[in-house]
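A.B. asks: In this text, residue positions in the sequence shown follow the numbering used here: the first is -8, and each later residue adds one.
One or more hints might be untrue.
Within a straight-line C-alpha distance of at most 16 Å, the following computed EDC-like cross-link-like pairs (lysine to aspartate or glutamate) qualify [stated by the list, open to error]:
id: 1; residue 1: Lys597; residue 2: Glu304
id: 2; residue 1: Lys25; residue 2: Glu239
id: 3; residue 1: Lys510; residue 2: Glu545
id: 4; residue 1: Lys542; residue 2: Glu500
id: 5; residue 1: Lys107; residue 2: Glu93
id: 6; residue 1: Lys98; residue 2: Asp118
id: 7; residue 1: Lys570; residue 2: Glu553
id: 8; residue 1: Lys542; residue 2: Asp507
id: 9; residue 1: Lys202; residue 2: Asp228
id: 10; residue 1: Lys237; residue 2: Asp216
id: 11; residue 1: Lys636; residue 2: Glu564
id: 12; residue 1: Lys237; residue 2: Asp272
id: 13; residue 1: Lys108; residue 2: Asp88
id: 14; residue 1: Lys98; residue 2: Asp130
id: 15; residue 1: Lys475; residue 2: Glu520
id: 16; residue 1: Lys121; residue 2: Asp149
Everything labelled a hint here was simulated from the structure, so no lab data went into it.
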Amino acid sequence: MGIFKKFFNTIITVGFIPIIFVILAIIYYQHFSKKNLINNYQRLCDSFAISSYESINNFAKRLDYLYYLREVHKKNDDFLAAVKNKYSEIEFIAILDYYGREKIRQKDGGFSKLFKKIDISSEEYLDKLKKNREGVIGDFRIIKNIPLSTIVYPVDNDFVYVVVNLKKFFSYIYSTQIGESGFVFFISENGVILSDKEIDINYSDLQKIIKNYSGNIEAVINGDDYICVFRKIADLDISVVISQKKKEFFREINLIFYSLLFVIFFVLTISYIIALKTSNDLIMPIAALIESSKNVANGIFDSPVLEKSEFSEINELISVFNKMSEKIGEYSNIQIEKIMDEREKLNIITQNLHIAIVLLNMSGEPVYLNPEAKKIMPENNSDIREVIYKIIQSLVKNKTKIIELNKRYFEINIDIIKLHRQNPVILLVADDITLEVNIQKMKEDVFRSIAHDIRSPLLNMQGYIKLLSYSSDEKIIKYAKGLKEESDIVFRMIENIIDISRIEDNSLEIKLQDCDITKIMAKLAERFEVRAETKNIKFEKNIPNTPLIMKLDEELISRAIENILTNAFKYTEPGGEVKIEVSRSDRTLIVISDTGKGIEKDKLGKIFERFKSFSKDGFGLGLSIAKTIVEMHNGFIKVESEPNKGTKFTVVL
-8 MGIFKKFFNT IITVGFIPII FVILAIIYYQ HFSKKNLINN YQRLCDSFAI SSYESINNFA
52 KRLDYLYYLR EVHKKNDDFL AAVKNKYSEI EFIAILDYYG REKIRQKDGG FSKLFKKIDI
112 SSEEYLDKLK KNREGVIGDF RIIKNIPLST IVYPVDNDFV YVVVNLKKFF SYIYSTQIGE
172 SGFVFFISEN GVILSDKEID INYSDLQKII KNYSGNIEAV INGDDYICVF RKIADLDISV
232 VISQKKKEFF REINLIFYSL LFVIFFVLTI SYIIALKTSN DLIMPIAALI ESSKNVANGI
292 FDSPVLEKSE FSEINELISV FNKMSEKIGE YSNIQIEKIM DEREKLNIIT QNLHIAIVLL
352 NMSGEPVYLN PEAKKIMPEN NSDIREVIYK IIQSLVKNKT KIIELNKRYF EINIDIIKLH
412 RQNPVILLVA DDITLEVNIQ KMKEDVFRSI AHDIRSPLLN MQGYIKLLSY SSDEKIIKYA
472 KGLKEESDIV FRMIENIIDI SRIEDNSLEI KLQDCDITKI MAKLAERFEV RAETKNIKFE
532 KNIPNTPLIM KLDEELISRA IENILTNAFK YTEPGGEVKI EVSRSDRTLI VISDTGKGIE
592 KDKLGKIFER FKSFSKDGFG LGLSIAKTIV EMHNGFIKVE SEPNKGTKFT VVL
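Build out the structure end to end from the sequences listed, making use of the hints.
C.D. replies: The structure is reproduced here in structure tokens:
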């Protein structure tokens, strides 16, 4: 079910990749939302700090009324009492001299006893007071859980030093409700907390708030995790802090985040189920088709696939496949019948052929033997391999297709046949030519006997012809010349027969000596000029004048070239042309060409076989002898020919 897994995984992957990006986007949104939420709280905290400062600053501006009160009340005690009555926020009041030292203070009031003698002579803001003649907000302190701030205001040549209760200014801030668990409180730079609630904050977290102007931290308050956003109030050593439990602070954002995650995983689960069902509905029929296709490939055509897919296209494909499988089955049966018929015919032919046929694999193991082959081959396969090996050795060694086996002669043809679906096989065909060989031997014996019997009378005849050629009568000379040519033809035929006999007996010896091949060819060509003139054939000779010395048997080479020239003149019609050329490159080339009737392609391979004459006036020995002589000189003969265009023999020495 590999295809099911791949298809299912593909569907899940395609669906899952966008989900990953969505989850990453949601995580980014959560992070961004938390950051924005903290920024919003920071802005709220900033607004609290600014409003607190403005409230105090506005109160400081209201102290301008002190000038009027001073004009009305010249006595210090009256002035202090009037100020205290005018401003209910003031908890303590004193008058300082020009140098910032206390001159007089309000006697009554609970806070009067809590302050030592006032001296601001060393404070930096004193010079500012003297220069700008405007009120200055001094330090901040908390006494009896009451936030107090100092304000110094210039009046005439003195300064009015007041301590203002800030609780009224801050009450509306820390009474602000921040969610269910949130609240606002103030922290001074010495760590004093101002709040209407009991607050126990971790010391290290407290120090982070005091040391920084603004920001946010996670702090432990009353044993719970809180998010704290803080900001210092300008010109005051006090920070306003908005705090809320961490769980509640991010609750809405986390709720959205986890809700989206739930939706995503819900969608993934539904997608998984749908993908599983879809994959199953798609892949199961395909798997069935694959299995059925394997059956068809193995020749099993009666395994149709059931049409039960949820997809109509798949059912249609299955229907077409079933019909195709059925048609292939019918066609296969027809082809099998045809093959059986053809095989039966082939068996009949091979069984009744009088030719031995052997099929072997590439390892030499016999695959098939027809009845004729079984007659000449041993029964054991290993013995057959040995016989085949000897046959091939003999073919290579003797360079002939004819071998002797069990006192019978066979013409062997070997070929490698490439089969369509299987490994190549070796085809060995052995044609029994025992009768032909015996007839040929009988021919050779007869010709040899005749040649020996005729040779002596023919030599005597040539002696008489030579005597006649000395006559003064031109007619007699002409007749003697004709008789000489005809007797030469008969003599050459006899010499060829005798040479074949010597070749058969291995008694034809080659006597190599330094010879000028150009001189031999020129002398031989001169002998054929009379024949060319008699038959009205143009005889062209292209033989170099410079000597070309080679190790040759002059008599045998002359006979070989003479046999080829004889054939050229024999098959060239009057008006035709015969040409002989001698040249030298790496080897010596003797080219004899004619414009005769040519040789058909199917006969070219047989012209060098003995007694293979394609005319009635010859024994078919000349070319066979020529080939043997040239090969004895380590050379070879090439032949090129086209019907009605002539023939070209190339002797390479």
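A.B. asks: A separate judgement is required for each hint: does it hold in the structure or not?
C.D. replies: These are the hints, each one checked on the structure:
With a C-alpha separation of about 67 Å, the suggested pair Lys597 and Glu304 falls outside the 16 Å cut-off, and the hint is violated. About 12 Å separates the Cα atoms of Lys25 and Glu239, which keeps this hinted pair within 16 Å; it holds. About 10 Å separates the Cα atoms of Lys510 and Glu545, which keeps this hinted pair within 16 Å; it holds. Pair hint Lys542 plus Glu500 holds up; C-alpha atoms about 15 Å apart against a cutoff of 16 Å.
Straight-line distance between C-alpha atoms of Lys107 and Glu93 comes to about 10 Å, which keeps the hinted pair within the 16 Å bound. Straight-line distance between C-alpha atoms of Lys98 and Asp118 comes to about 28 Å, which puts the hinted pair past the 16 Å bound. A threshold of 16 Å between alpha carbons decides the hint, and for Lys570 with Glu553 the separation of about 13 Å falls inside it, so the pair holds. A hinted pair counts as satisfied when its Cα atoms are at most 16 Å apart, and Lys542 with Asp507 qualifies at roughly 9 Å.
Straight-line distance between C-alpha atoms of Lys202 and Asp228 comes to about 11 Å, which keeps the hinted pair within the 16 Å bound. Distance hint between Lys237 and Asp216 is fulfilled; the C-alpha atoms sit about 6 Å from each other, no more than 16 Å. Note on Lys636 and Glu564: the hinted pairing holds, with a Cα-Cα distance of about 12 Å set against a maximum of 16 Å. Between Lys237 and Asp272, the direct Cα distance comes to roughly 50 Å. Violation of the 16 Å bound is thereby established for this hinted pair.
Restraint check: the Cα-Cα separation between Lys108 and Asp88 comes to about 13 Å, which is no more than 16 Å; the hinted pair holds. The straight-line distance between the Cα atoms of Lys98 and Asp130 is roughly 22 Å, outside the 16 Å bound, and the hint therefore fails. Restraint check for Lys475 and Glu520: satisfied, since their Cα atoms lie roughly 15 Å apart, inside the 16 Å limit. Proposed proximity of Lys121 and Asp149 is supported: the alpha carbons are some 10 Å apart, at most 16 Å.
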